[in-house]
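Heads up: the protein sequence lines correspond to chains A and B, in order.
1 is the number of the first residue of the first sequence in this note's numbering; add one for each residue after it.
1 is the number of the first residue of the second sequence in this note's numbering; add one for each residue after it.
Since the hints were derived computationally from the structure, they do not count as laboratory data.
Just so you know, not all the hints are guaranteed correct.
The list cannot tell twin chains apart, which means a pair is met if one copy fits it or any two copies do.
[To be verified] Listed below are the simulated SDA-like cross-link pairs for lysine to any residue, each with C-alpha atoms no more than 25 Å apart in a straight line: (1) LYS348 x ALA250; (2) LYS229 x THR121; (3) LYS168 x PRO32; (4) LYS330 x ASP55.
Number of protein chains: 2
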Amino acid sequence: MNSTTQLALPQFESLVPPERILLGPGPSMAHPRVLEAMRQPLVGHLDPYFLEVMDQIQDMLRYVFQTSNSLTLAVSGTGTAAMETAVANMVEPGDPVLVCANGYFGLRIAEMVKCYGGILTILERPWGDVFTLDEIEHALQERRAKVVAIVQAETSTGAHQPVEGLAKLVHAQGGVLIVDAVTSLGGLPLQVDDWELDVVYSGTQKCLGCPPGLGPITLSPRAVERLHKRRTPVANWYLDLNGLEKYWGADRVYHHTAPISAFYGLHEGLRLVIEEGLALRWERHRHNADLFWQGLDRNGLECHVPVDYRLPSLTTVRIPNGVDDIQVRKRLLDEYNIEIAGGFGELKGIVWRIGLMGHSSRPENVELLLGALKEILGAD
Amino acid sequence: MNSTTQLALPQFESLVPPERILLGPGPSMAHPRVLEAMRQPLVGHLDPYFLEVMDQIQDMLRYVFQTSNSLTLAVSGTGTAAMETAVANMVEPGDPVLVCANGYFGLRIAEMVKCYGGILTILERPWGDVFTLDEIEHALQERRAKVVAIVQAETSTGAHQPVEGLAKLVHAQGGVLIVDAVTSLGGLPLQVDDWELDVVYSGTQKCLGCPPGLGPITLSPRAVERLHKRRTPVANWYLDLNGLEKYWGADRVYHHTAPISAFYGLHEGLRLVIEEGLALRWERHRHNADLFWQGLDRNGLECHVPVDYRLPSLTTVRIPNGVDDIQVRKRLLDEYNIEIAGGFGELKGIVWRIGLMGHSSRPENVELLLGALKEILGAD
């Protein structure tokens, strides 16, 4: 028997996490039924039972994405991995790529485009603004793009970018449109087929009410064609959709060991979306956001983003003058077990980011947060 | 309210997975305490509570890896993602790389090396063999390498590759040594510091008794220096250790949203390793493997790999002449709820792959499998 060396033996207690009310930019609170599903015993990643689970997840994801796209699956990584899947598979070295960036996640896409050798044009807007179709069309006229990427729900700013109508402009140039739906899928209108979006990805820990760890993604036939006609191999092994589609498709060729428990959780999370009905779920998110915005208004707090393009899933609230950002968030966490987040980048110290997503989007959470904020900021 | 389009509404039952006895190449059976831990309520990925969980995981991983390496963490993806993390961060375009491949996972590393622009030399051996230090030294004399990669526990063959002594050869050329410990970490001797290994990675779903989904990895100071002195950026955003070390280190800079529940599970899985004691855990794996090998011998079944370099965690059993590979596995699954796996690549149809890892490594599982195999193959 080989003995172990004399390293300090770390001994820690079993975890008893605090019961947080998660009202930040995600993770939102996982639905109890999702957590329960994740406790089920494991089966193998090629077990006929599990392959059926994967098929059902694909079917349910198609419903949530509102698409009939065959290549619809969940990447075994977080939303960031799904973002990289989109970029790595669509962008080839030398491809002209237009990224619309009005916040942190747009800029992150741009970084990834550079990572995969795309010739990058960034169309920028202040954090919190949205783009008009006209200005994107203008940018595309200045410089054609094979790939255009835009964020529907910018988690760093709370802006809701309309994406309807954009695909036509992109397709006219023979390009594909990537849409980041990390903070929108399951929480606000998203019509992948009707809007002719080519690559749309998300994460499980926002409006889907699951823990983080998986990245749903869907590709239109146009995007699949682009994938299959690449001149160069995809420069990422783990996220190469050529490999993933063989595992998720009829071939069932081993690619990696799927995170079984996370898939159980996603399966239950998607079942919950379907039970509620997608349109009613969108409506619930909108309704609770409205309640929250009205309450903010009553309390004299301002939103950073005008109501016309404000996300129901994530609200950026302007921190009142003279208020200590960090202290307020610390008190919310310590005294009320409520998590909200600060701003970052251009909005650091300027806003709080408050999410009402998935199972966190409930009137009781709105009421509690408004009350706690009023208490901490001092009632007038 | 936007209405949803007329897509078929998929309606599925909640999952009631079969209670499999997982004796394949992984996932192994997750320990019940691990699954219970994963059901705990979520906290945010930057919650002070969660940051403490991450610190504790790092400390416990250092113990399991037997290292004091500062850069020790779990990648938010499976073992394959951890493999790609090792390659993407260590290999720069144009670097000469030697990959020792005596099975599928060595070849997978080689594919990744090409993906990241390394100039690849593959030292090959038939599937099931291991390499001697001499032949690796000879290969390094023929062609210097900046990175050498080898698989300690080749899951596709059941071969146990000794890696002690190899680092000296690699370091003499100024290179770094990557060791794949996916099917060994926590199940058989692995001494990262004593053996001077530079990058070692694993998965959670093998000998650690957790579900798949995370990839533990550790980097020696030499590997960290190589990372920090790269001439080119890491060509992978999600797996860039420069970003990951800022999230896991003192800076706590947001990089991606950690899969909270999976981390809870890993925390409990590592606590179980420490409770048992690492050396005693290695011994348990070895003991149960011995029981299994003796039973195979009694039943007239042969192992593919000689006992001297046979893995305790994964045994390749030769399929007797005239026996229907797929039929036997199907009967094990359907009649006994036992999962084992077939061979692939060079060993397809030649061997079964039988894992005794983590919580699956128990005498009762050995007894059950031997009995079921005897029943199915026909007792003499």
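Here is what the structure says about each hint:
1. Taking the shortest Cα distances, LYS348 and ALA250 sit within 25 Å of each other only across copies (20 Å), while inside one copy they are farther apart (47 Å).
2. Taking CA atoms no more than 25 Å apart as the test, LYS229 paired with THR121 passes inside one copy only; the shortest distance there is 23 Å, against 29 Å between copies.
3. In the homo-oligomer, the alpha carbons of LYS168 and PRO32 never lie at most 25 Å apart, since the shortest distance is 41 Å inside one protomer and 52 Å across protomers.
4. Proximity of LYS330 to ASP55 under the C-alpha cut-off of 25 Å is restricted to the inter-copy arrangement: shortest distance 21 Å between copies versus 43 Å within a copy.
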